[in-house]
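Order-wise, the sequence lines are chains A and B. Each residue of the first sequence is one higher than the one before, starting from 1 at the first, in this note's numbering. Each residue of the second sequence is one higher than the one before, starting from 320 at the first, in this note's numbering.
Each hint should be verified, as a subset may be incorrect.
Examples of chain B residues lying across from chain A (beta carbon under 7 Å, computed) [as the list claims (entries may be wrong)]:
hint, residue
1, Gln608
2, Phe611
3, Trp613
What the simulated footprint calls covered on chain A by chain B, stretch by stretch (three residues with Cβ under 8 Å from a Cβ of chain B suffice, anywhere in the stretch; the number is not a length) [as the list claims (entries may be wrong)]:
hint, segment
4, 122-136
5, 175-188
6, 193-202
7, 267-279
Please keep in mind that the hints were generated in silico from the structure rather than gathered at the bench. None of the values given here were measured: they were computed from a predicted structure. Every residue gets a Cβ at the ideal spot worked out from N, C-alpha and C, and that includes glycine.
There are 2 protein chains.
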Amino acid sequence: MGRWVVIAPERADRPSAFLRPVPEQDGGVCPFCPGNESMTPPELLARRENGAWSLRVVPNRYPALRTEIQMSRNGLGMFDSMAGVGAHEVVIETADHRTTLAEMPLPQIEAVLRAWQDRMLDLSRDMRLKSLIAFKNHGVPAGATLFHAHSQLIALPFVPDALEAELSAGRRHFAGKERCVWCDIVAQETREKERVVLESERAIAISPWAARSPFELWILPREHRSSFETASADELRAVAEALRTLLRKIDVALEKPAFHLFLHTMPLREPLSDSYHWHLELKPVLTQQAGFEWASGCYINPTPPEEAASFLRQTEVFP
Amino acid sequence: MGRWVVIAPERADRPSAFLRPVPEQDGGVCPFCPGNESMTPPELLARRENGAWSLRVVPNRYPALRTEIQMSRNGLGMFDSMAGVGAHEVVIETADHRTTLAEMPLPQIEAVLRAWQDRMLDLSRDMRLKSLIAFKNHGVPAGATLFHAHSQLIALPFVPDALEAELSAGRRHFAGKERCVWCDIVAQETREKERVVLESERAIAISPWAARSPFELWILPREHRSSFETASADELRAVAEALRTLLRKIDVALEKPAFHLFLHTMPLREPLSDSYHWHLELKPVLTQQAGFEWASGCYINPTPPEEAASFLRQTEVFP
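This is chain A alone, in the form it adopts within the complex (with noise of 0.2 Å):
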């Protein structure tokens, strides 16, 4: 059907690769604390103040795509497969096994999203590697398996549908008026408040137009940038600080809900686009999955993006 699967039977050997059960705390020892550090594999990034390390950057465990094999294509009868080349790292957010990214200070924040920035710019030197997801999902019904803050960072060595889509819809965009699509829903969205959840003068967070779900999000810089890996670090610090404010705020309004967290950027090597605009995409986790969007592609949202922003926008957070 045209699409890429990434078939990676080693991942069902983790302790949770199945089935329900999940624990919402580690049972047992949790591989991300400190002492801990043989538990993952040997770190690609550290941040270390004072001796003791802060955030981590290591192999996953039970990696769904991997850098040492050799890359490959295959045909088999009228089916296609290319060796899972490609790699899937875990950034260990912080030491404290309990504190919640949005219970972390602005700098642990920015520090986050440094290490994704680092890492983009040390995997994209693999020319194999096509494109980079990084992101996060917080809490048992979202997937996570651990408590310990974490999120992730996997590059593929093709451009995944969801990024192809609004790639090409930018391009689209642009071909007809010769301006990015990212900055034209800023300008708008600036101008009608409607569903703007907070501003700042480097950044923006709304409830998208045609939100696909309850609550979904959008952090957005507000200069045109199309790549993630050329951020300045004045950038870095205000959609930070955007976030921070946004999973406060969601902590209070949905009761400290599970969420994905990820960033929508330029495929790898090419960071220079006039019609593409790097971005962070949050998404509360509220209701069960449903099959009709499995089924569809189509997605129901029973929230109106224009009441989750009102609602967000009134919900007050302690600095």
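Position chain B against the provided structure of chain A, taking the given hints into account.
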């Protein structure tokens, strides 16, 4: 971003539109049980034997879309909207509160498929409706909010993405080879056997190449027919038989998992196509929602379809 989303605020009024504690059993009175017919809107179709009904179709009480509104399209700056014209119906598959689809006798499963077909034929007379998805969410993790066995029909005023992607993949294959891609899949799988779970004269069940999730299964009628609307009684019986055996196999092999079941068929009023082939898809829900899939549109599947098929072939069920 070029995608349609159904914004359906009325669905937020459902008893369990949001959030965690969804009862595994209906706490109170089941609106789908005999005697409680007044709890549903008036029926659109029913099968009766000896005065008692054995299957009913009713409008959804919390519809995502409805037929009684004016069709309209609007622009709002750069954004587009259209009125939520459509239909959302519920098929109450049995009078018995406790019987699951897997546990029903074959003629009852046939009756469910026939009810889908009858409603599809009736809805296709409304020229505003372009496509129909029949689907079933079984179990709380799959999004079911009531225990009593039921499926749903949603007719849309557009062709949704997932169906459009299949239609165009079919057209591309046909353009090169003048053969239906699903007929080719049936032929190759029948030869290779590796991904086949069961076969009969008129139908085949496989775990498809590039399955997107563990134990994803497809049931295909062998005969080329683009639309479910025109499927014969013999064909429906063969598909019902395959479905019944598959459901019983996954109940044994995967310990009564939650699942999504759905029908993919041609858009309404287009019964004849050389390049599309109606089929059922069955997706056991074995993992939590994962952010990577949402972020990328790319699936990571820890279970190779060959393993899933082999496991299910060996799973014994009693007739």
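Outcome of the hint check:
no. : hint    : in the structure
1   : Gln608  : holds (6 Å)
2   : Phe611  : holds (5 Å)
3   : Trp613  : holds (6 Å)
4   : 122-136 : holds (count 3)
5   : 175-188 : holds (count 4)
6   : 193-202 : violated (count 0)
7   : 267-279 : violated (count 0)
Checked against the numbered hints above, the structure violates hints 6 and 7; every other hint is satisfied.
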